[in-house]
Each structure stands twice: as C-alpha cells, then as structure tokens.
Amino acid sequence: DAKTTQPTSMDCAEGRAANLPCNHSTISGNEYVYWYRQIHSQGPQYIIHGLKNNETNEMASLIITEDRKSSTLILPHATLRDTAVYYCIVRVGGTSYGKLTFGQGTILTVHP
Amino acid sequence: GAVVSQHPSWVICKSGTSVKIECRSLDFQATTMFWYRQFPKQSLMLMATSNEGSKATYEQGVEKDKFLINHASLTLSTLTVTSAHPEDSSFYICSAILAEAYNEQFFGPGTRLTVL
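Residue numbers (my numbering), protein chains in the order written: chain A, 1 to 112; chain B, 1001 to 1116.
Don't take each hint at face value.
Straight-line alpha carbon distances no greater than 25 Å define the calculated BS3-like cross-link-like pairs of lysine-lysine that follow [said to hold, decoys possible]: (1) B/K1020 <-> A/K99; (2) B/K1014 <-> B/K1064; (3) B/K1064 <-> A/K99; (4) B/K1066 <-> B/K1020; (5) A/K99 <-> B/K1055; (6) B/K1041 <-> B/K1014; (7) A/K99 <-> B/K1066; (8) A/K99 <-> B/K1041; (9) B/K1064 <-> B/K1020; (10) B/K1041 <-> A/K3.
Calculated from the structure, these hints are not laboratory results.
Using the sequences and the accompanying hints, generate a full structural model.
What follows is the structure, given as structure tokens:
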C-alpha cells in the first residue's frame, strides 16, 4: 500500500471549515484513499473514501487532485466533537483482504 | 448498522494471568476480523487477521503463542493475552469487515488492558 504524509497537527475554529491535507505521491491506479478518525480512547471511525472523483457524505467531503497524488478532507462546519486524530490511508479497495496500515495521522483540535 | 462491540471495555490483571477479549459484530456477519494494538500517543498497529473457521494470520513480530485468536463464528472473534506482563498493557481494538459495504472495516470501541 502507498505511503501517506500528513501534517502532525492542525487547529480550527468552531464553525469554520477544517481542511486536512494528505500526500500520497506513490499511489497506484487501483488504490483508494480512505479517511478514518479516532477520538481519544475510542476505536477509529470511518469517514469517507474515494478513487478518482470527489466524494461527499453527511460527515465530510473528499477532494482528490487530478493526478491523485494528494487529497484533502473537508469538514465543512467543524464542531468541538470533531477534535480527533485523522488518518489518511491508501489501499487497494474492493478486495477481500481489507488490511489497513495506519500512519501517525493529523491531530485536529477544534477550539471555541 | 455495522456495529462492532468489544468486551470488556477495560480490564486490570496481575502479571502472569491470561486475559480474554471478545469482539462481536452485532448486526452483520463478518468473515474477517482484525486485531490492532495501540500504545499511548502512538498509532494503531495491526496484530493479526482473523478468518472464521481458520487459523489467524499474524503480523511480523507478533507472537502467536502469546496472543491467541479464535474466530469460531461469523460474529465473534476472541483475543487471549496469555501470561500477560506489564509491557502488554495497551489499548486493543478489533475491527470487522462488512462485505456488503465493499469490504469496509468497522471498528470496535477498544479494550484498555492494564497489567500490574
């Protein structure tokens, strides 16, 4: 699976959009970009994933560059409960072997 | 839907004892479950892949005789930490694959193990 690079930490004001970047310059054509987050002392929570096109769900939007070498997770209106570690993971999707390799992630702190 | 539970949520035990942690998929059948370990201020590390009805596949460096995994049914996998020592104190997290959701992983809430 391709390696990802994320900033160690980011801050965001409550109510504003949080834009979390991820670099995955060695991504292969059949690899998807996944985002999970982990609130302190809880199990990770799936947020969103995509292959080429931008994706949106009730939690967030995922913007993938045309060359697929980087992506941005957008939380449109961050709340205090969005404070967590956000993990960007690249792996082959749609396979029966769903192994996920977690990096260090980005610690997002949402402040009042 | 796609809820994964773990029991217990936390456990304290004496050094040398064995501890069993259960992972259940509550509303779906999971042919594959994963076990992760997370030390303080570190990321999740995959320990093993558990497939129903077969032996678990362990990641490099994980002792299979120390971390016994049993996946006896499509909704239950157990991790037993045998002869636990203080260095085994960690946050243990399981996940299960939901085939109907393109093999997405859903994680349990984790189990905090403290070995005295």
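Outcome of the hint check:
Proposed proximity of B/K1020 and A/K99 is supported: the alpha carbons are some 23 Å apart, at most 25 Å. Note on B/K1014 and B/K1064: the hinted pairing holds, with a Cα-Cα distance of about 21 Å set against a maximum of 25 Å. For the hint pairing B/K1064 with A/K99, the CA-to-CA distance comes to about 18 Å; that is within 25 Å, so the pair holds. This hinted pair checks out: B/K1066 and B/K1020 have alpha carbons roughly 12 Å apart, not beyond 25 Å.
A distance of roughly 17 Å separates the Cα atoms of A/K99 and B/K1055; the hinted pair therefore holds under the 25 Å criterion. Simply put, B/K1041 and B/K1014 have alpha-carbon atoms about 24 Å apart, close enough for the 25 Å limit, and the pair holds. Our distance criterion of 25 Å between C-alpha atoms is met by A/K99 and B/K1066, whose separation comes to about 22 Å. With a C-alpha separation of about 22 Å, the suggested pairing of A/K99 with B/K1041 holds against the 25 Å cut-off.
Annotation: proposed proximity of B/K1064 to B/K1020 holds, straight-line Cα distance about 14 Å (limit 25 Å). At roughly 20 Å between alpha-carbon atoms, B/K1041 and A/K3 fall within 25 Å of each other, so this suggested pair holds.
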